[in-house]
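Chains as they are written, first to last, in my numbering: chain P, 462 to 955; chain R, 29 to 506; chain X, 10 to 106.
These aren't lab readings, by the way, just hints derived from the structure by calculation. Possibly wrong hints are sitting among the right ones.
Claimed, not checked - In silico DSS-like cross-links for lysine-lysine, where the CA-CA straight-line distance does not exceed 25 Å:
| id | chain 1 | residue 1 | chain 2 | residue 2 |
| --- | --- | --- | --- | --- |
| 1 | R | K215 | R | K389 |
| 2 | R | K331 | R | K284 |
| 3 | P | K555 | P | K795 |
| 4 | R | K321 | R | K331 |
| 5 | X | K103 | P | K509 |
| 6 | P | K697 | R | K235 |
| 7 | R | K143 | R | K235 |
| 8 | R | K159 | X | K100 |
| 9 | R | K159 | X | K35 |
| 10 | X | K35 | P | K881 |
| 11 | P | K696 | R | K83 |
| 12 | X | K51 | P | K881 |
Computed from a predicted structure; not experimentally measured.
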Amino acid sequence: MDILDLTAVELGRKIREHEIRVVEATEASLAQIEKLEPQLNCYVTVAKEQALKQAKEVQKRIDDKTLTGPLAGVPMAMKDNMCLEGLPTTCSSKILENFVPTYTAEAVKRLIGAGAVILGKTNMDEFAMGSTTETSAFGETKNPWNPAHVPGGSSGGSCAAVAANECFYALGSDTGGSIRQPSSFCGVTGIKPTYGTVSRYGLIAYGSSLDQIGPVARNVEDCAAVLETIASYDKKDSTSIRREDCDFTAALVDDVRGMRIGIVRDYLGEGLDDEVRDAVLAAARVLEEKGAVTEEFDLSLVEYAIPAYYVIASAEASSNLSRFDGIKYGYRTKEYEGLHHLYKKSRSEGFGKEVKRRIMLGSFVLSSGYYDAYYLKALRTKALIKQAFDKAFSRYDLILGPAAPSTAPRLGESLQDPLKMYLGDIYTIAVNLAGLPGMTVPCGRDSQGLPIGLQLIGDCFREKNLIRAAYAYECTRSYEMPDLAKQAREQEVR
Amino acid sequence: MGKQYETVIGLEVHVELATKTKIFCGCSTEFGGAPNTHTCPVCTGMPGSLPVLNKQVVEYALAVGLATNCKIHQYCKFDRKNYFYPDNPQNYQISQLYLPICHDGWVEIETAAGKKKIGIHEIHMEEDAGKLVHDEWEDCSLVDYNRSGVPLIEIVSEPDMRSADEVIAYLEKLRLIIQYLGASDCKLQEGSMRADVNLSVREVGAKEFGTRTEMKNLNSFKAIARAIEGERTRQIELLEDGRKVIQETRRWDDNKEASHAMRSKEDAQDYRYFPDPDLVPIWISDEWIARVKERQPELRSEKLARYQSEYQLPQYDAEILTGSKHLADIFEETVNLCRKPKEVSNWLMTDAMRLLKEHGKEPEDLSFSPENLAKLIRLVEENVINRTVARGVFEAVFAENVDPEKYVEEKGLRVVSDEGALRRVVEEILEKNPQSVTDYKAGKQKAMGFVVGQTMRAMKGKADPAVVNELVKELLER
Amino acid sequence: MANIISDETMEYVGILAKLELSLEEKEAARHDMERMLDYIDKLNELDTSGVEPMSHIFPVDNVFREDVVTNGDDRENILKNAPEQKDGAFKVPKTVE
Numbered sequence: 462m463d464i465l466d467l468t469a470v471e472l473g474r475k476i477r478e479h480e481i482r483v484v485e486a487t488e489a490s491l492a493q494i495e496k497l498e499p500q501l502n503c504y505v506t507v508a509k510e511q512a513l514k515q516a517k518e519v520q521k522r523i524d525d526k527t528l529t530g531p532l533a534g535v536p537m538a539m540k541d542n543m544c545l546e547g548l549p550t551t552c553s554s555k556i557l558e559n560f561v562p563t564y565t566a567e568a569v570k571r572l573i574g575a576g577a578v579i580l581g582k583t584n585m586d587e588f589a590m591g592s593t594t595e596t597s598a599f600g601e602t603k604n605p606w607n608p609a610h611v612p613g614g615s616s617g618g619s620c621a622a623v624a625a626n627e628c629f630y631a632l633g634s635d636t637g638g639s640i641r642q643p644s645s646f647c648g649v650t651g652i653k654p655t656y657g658t659v660s661r662y663g664l665i666a667y668g669s670s671l672d673q674i675g676p677v678a679r680n681v682e683d684c685a686a687v688l689e690t691i692a693s694y695d696k697k698d699s700t701s702i703r704r705e706d707c708d709f710t711a712a713l714v715d716d717v718r719g720m721r722i723g724i725v726r727d728y729l730g731e732g733l734d735d736e737v738r739d740a741v742l743a744a745a746r747v748l749e750e751k752g753a754v755t756e757e758f759d760l761s762l763v764e765y766a767i768p769a770y771y772v773i774a775s776a777e778a779s780s781n782l783s784r785f786d787g788i789k790y791g792y793r794t795k796e797y798e799g800l801h802h803l804y805k806k807s808r809s810e811g812f813g814k815e816v817k818r819r820i821m822l823g824s825f826v827l828s829s830g831y832y833d834a835y836y837l838k839a840l841r842t843k844a845l846i847k848q849a850f851d852k853a854f855s856r857y858d859l860i861l862g863p864a865a866p867s868t869a870p871r872l873g874e875s876l877q878d879p880l881k882m883y884l885g886d887i888y889t890i891a892v893n894l895a896g897l898p899g900m901t902v903p904c905g906r907d908s909q910g911l912p913i914g915l916q917l918i919g920d921c922f923r924e925k926n927l928i929r930a931a932y933a934y935e936c937t938r939s940y941e942m943p944d945l946a947k948q949a950r951e952q953e954v955r
Numbered sequence: 029m030g031k032q033y034e035t036v037i038g039l040e041v042h043v044e045l046a047t048k049t050k051i052f053c054g055c056s057t058e059f060g061g062a063p064n065t066h067t068c069p070v071c072t073g074m075p076g077s078l079p080v081l082n083k084q085v086v087e088y089a090l091a092v093g094l095a096t097n098c099k100i101h102q103y104c105k106f107d108r109k110n111y112f113y114p115d116n117p118q119n120y121q122i123s124q125l126y127l128p129i130c131h132d133g134w135v136e137i138e139t140a141a142g143k144k145k146i147g148i149h150e151i152h153m154e155e156d157a158g159k160l161v162h163d164e165w166e167d168c169s170l171v172d173y174n175r176s177g178v179p180l181i182e183i184v185s186e187p188d189m190r191s192a193d194e195v196i197a198y199l200e201k202l203r204l205i206i207q208y209l210g211a212s213d214c215k216l217q218e219g220s221m222r223a224d225v226n227l228s229v230r231e232v233g234a235k236e237f238g239t240r241t242e243m244k245n246l247n248s249f250k251a252i253a254r255a256i257e258g259e260r261t262r263q264i265e266l267l268e269d270g271r272k273v274i275q276e277t278r279r280w281d282d283n284k285e286a287s288h289a290m291r292s293k294e295d296a297q298d299y300r301y302f303p304d305p306d307l308v309p310i311w312i313s314d315e316w317i318a319r320v321k322e323r324q325p326e327l328r329s330e331k332l333a334r335y336q337s338e339y340q341l342p343q344y345d346a347e348i349l350t351g352s353k354h355l356a357d358i359f360e361e362t363v364n365l366c367r368k369p370k371e372v373s374n375w376l377m378t379d380a381m382r383l384l385k386e387h388g389k390e391p392e393d394l395s396f397s398p399e400n401l402a403k404l405i406r407l408v409e410e411n412v413i414n415r416t417v418a419r420g421v422f423e424a425v426f427a428e429n430v431d432p433e434k435y436v437e438e439k440g441l442r443v444v445s446d447e448g449a450l451r452r453v454v455e456e457i458l459e460k461n462p463q464s465v466t467d468y469k470a471g472k473q474k475a476m477g478f479v480v481g482q483t484m485r486a487m488k489g490k491a492d493p494a495v496v497n498e499l500v501k502e503l504l505e506r
Numbered sequence: 010m011a012n013i014i015s016d017e018t019m020e021y022v023g024i025l026a027k028l029e030l031s032l033e034e035k036e037a038a039r040h041d042m043e044r045m046l047d048y049i050d051k052l053n054e055l056d057t058s059g060v061e062p063m064s065h066i067f068p069v070d071n072v073f074r075e076d077v078v079t080n081g082d083d084r085e086n087i088l089k090n091a092p093e094q095k096d097g098a099f100k101v102p103k104t105v106e
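For reference, chain P alone in the conformation it holds in the complex (with noise of 0.2 Å):
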């Protein structure tokens, strides 16, 4: 047996029985790491001796029977726009290269008290604004599934570091799809849960009202007992919402039946690769084959959730990011003369080009004259996708389609024009908008071998839905991993 073969619920069960020892499994996946990513770059900082150091201390409080849970001991990564306590957290921006925290994110919190090794900070898109990984400062993340083709992103880092048996789950963010979209381009499965359900304190935030942390993990097992262990009220958070209902992994049944599934039609059309249309319809026929009903509707309204989302996101991030002056963190410029020359060059050399347009962008739709015809607009705008969503969960328990019109581009392919980049996120951005559950299972591969991902949405708080859909399916499949995984753990570590 290969430690690395293991899922997350399926290694803590194992170090719950002495099967394995916690600080094992840190070493196995420190020495995938150290074999994968001079190809790869997935983390922007792996904390080894301290992932070691707590690997013991993790040992002793499972052997004294502290720590019970199905996640005790098992390493995993986290984003690094998510604050931890002693260690860099860089947004993968150089204004936050030397930032270390001094107190750690509440999900990340939960994850430590239920006794996660973390295994170090993965890389991502500059302050979460990208669909490819490409905008980090520190170097882009290479698909393990071809190191010619992105991750996706923002959470490319995140989900690479998962299919690539870097860690054993990882937590992403998803803003517009950060999750979703890079899930599905590495073949892995990743949830957004529903606004509010997670707790953004300490999340470093890009659009506030859109931002949700979420896991990614190899299999939807995975993804339900972490969610269930991240989620919760937080005080802390005043966008946070008491639920009762967080009990995820009650939802891995494998029974469909009956469940009443919509396909968006409008989803399938122009812009949609042929052999990602064909894998996510084969998808819906399997859950249709376990007894649910599928339909395809009109969802409406899709064309707008796209300028509506960058008018909201780009406005929010260009406040968010205001904070990011030289002054009390961050990167600081060399030479300056006076107060507003140093604000001005220490954000002009400390931020990438994307995050600059955005806050270009965000500035300009909110100033004055022009919040009314931009800013109010998108938040009518998204009322009525809000409006259409609810009109198409009073038929539907869940809604199926694409997580991305197609497989993971070339590197280098997408920066060119930004504006068909932004199109890309068509079929996930829609879901932050009307602050619902979304998930993605991978469903397929196309004729370059690369990943495809099926996307689900549910209804707000109905992430159960979501989990118990996306387990049907998957018990009809198994786990594809990249070759590039499996040779790096024949090696010998050099």
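Add chains R and X to chain P, keeping to what the hints say.
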């Protein structure tokens, strides 16, 4: 014949609320403290930190709004006001623009010109900024975030005032109301109440308002009065010269008695307000409003009437005592301890007021405890000290809040009424002043006063005057 | 309709956002912003009259904290990441002339 001008003034008054903690975090609002010792990730704008609203801030804002006849936006929200400055750690201030908690109210003021209603456009809640200290040695500035996130309400008046007198009367009215509600101590000098003056001039009879300027940095009633006069003159001079008033923010320098524009290319004054996505809306139910109304403490007019009926104080005394919430509090607490309203009123009205005036202070600055004033009154009543000595003791109470009982013992100020000891002193004085005896016997009553005075002086004021009088009379007539 | 962003507007937005773009960056940003705004103008096809702007997705309100001091002196941590500090405060260029 020159043109006649009218001054049009509106005020933006910032009041620091008397909460124990900041508006969005659990840091103390206590004054003083070394730089940045009352701070946390939230009030220093650390990445990933999030605000949570202090309920007491809403309660206070609501109370002030109801006491100033405002309507309440029962559904209200916070917005972000975006601008870069180092005292503002997030580079946005959380404030209210679109739906402020209170709107369309008024207060009534009274000046020599009579009674008048001043409209209140709105009252909104917001967070205070940190403090910048300029370091001359290194030619840099230092930022202290202890005040960052202290809750404020901003009370925006209508442009209803026409003179400095009206402005001062309005500010005094607001201060009294807010102090009575316990929502703030409203100290101008310490900055817990700050007023920005919006001023324009127009020809008498004109319908349209002139272009206004906003004046900042006014930290006393005197400075406000001077700034109003200065700005009125400046604007009239501009207009008389055929030039225009520019809409701008000006900083008043009270030492130079002049203002200067605060404009720079980098201050675009385009604040890009939008609803803060990190905070949820506030819903103020009818029940909540009713609860706040019910809890509304006794306001000044009610107190004024009660002081006259319950304590039998003259109207004038009652007016002075209720003219400051702090003074009224000291009065009532002392009366509760010693049950001598007239006596307490006398000490406050005469000695306390005289000392305040001598020190250039206001009733808000009184720092002695009612317990100590009550003790002093008891010492006089029980004849442990006489009135002359008591006034000296009061000065010590006023200055350092000393315990009068201990003070009297330590300084040996007890009245001497031991007849034997006093008799010896009087006899000694008569021996030294035989003329007094002769004068007295010749019918000059004044001579007796002289001897009493000499005796009191010899006793350093500590003798019981009644006993001294009796003794002197007896010995002179001997 | 194609949006055109003037030099003045780019300069103005730079002041608001405290960003100083190089000439080349500015041209690229202008081009991208113009294209994005053209795309955003698509929203004008939608009739949103009578629709309330939705800033918060869930009707949650009145999330409060009690007025109780919970934080102590955390200065050491607060200053830990400061680029420059002096006497327990953040050091910045002089803010008044």
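Hints, verified against the model:
no., hint, verdict
1, R:K215 x R:K389, "holds (11 Å)"
2, R:K331 x R:K284, "violated (42 Å)"
3, P:K555 x P:K795, "holds (14 Å)"
4, R:K321 x R:K331, "holds (17 Å)"
5, X:K103 x P:K509, "violated (43 Å)"
6, P:K697 x R:K235, "violated (52 Å)"
7, R:K143 x R:K235, "holds (23 Å)"
8, R:K159 x X:K100, "holds (12 Å)"
9, R:K159 x X:K35, "violated (35 Å)"
10, X:K35 x P:K881, "holds (20 Å)"
11, P:K696 x R:K83, "holds (13 Å)"
12, X:K51 x P:K881, "holds (16 Å)"
Hints 2, 5, 6, 9, counting from the list given before, are not met by this structure.
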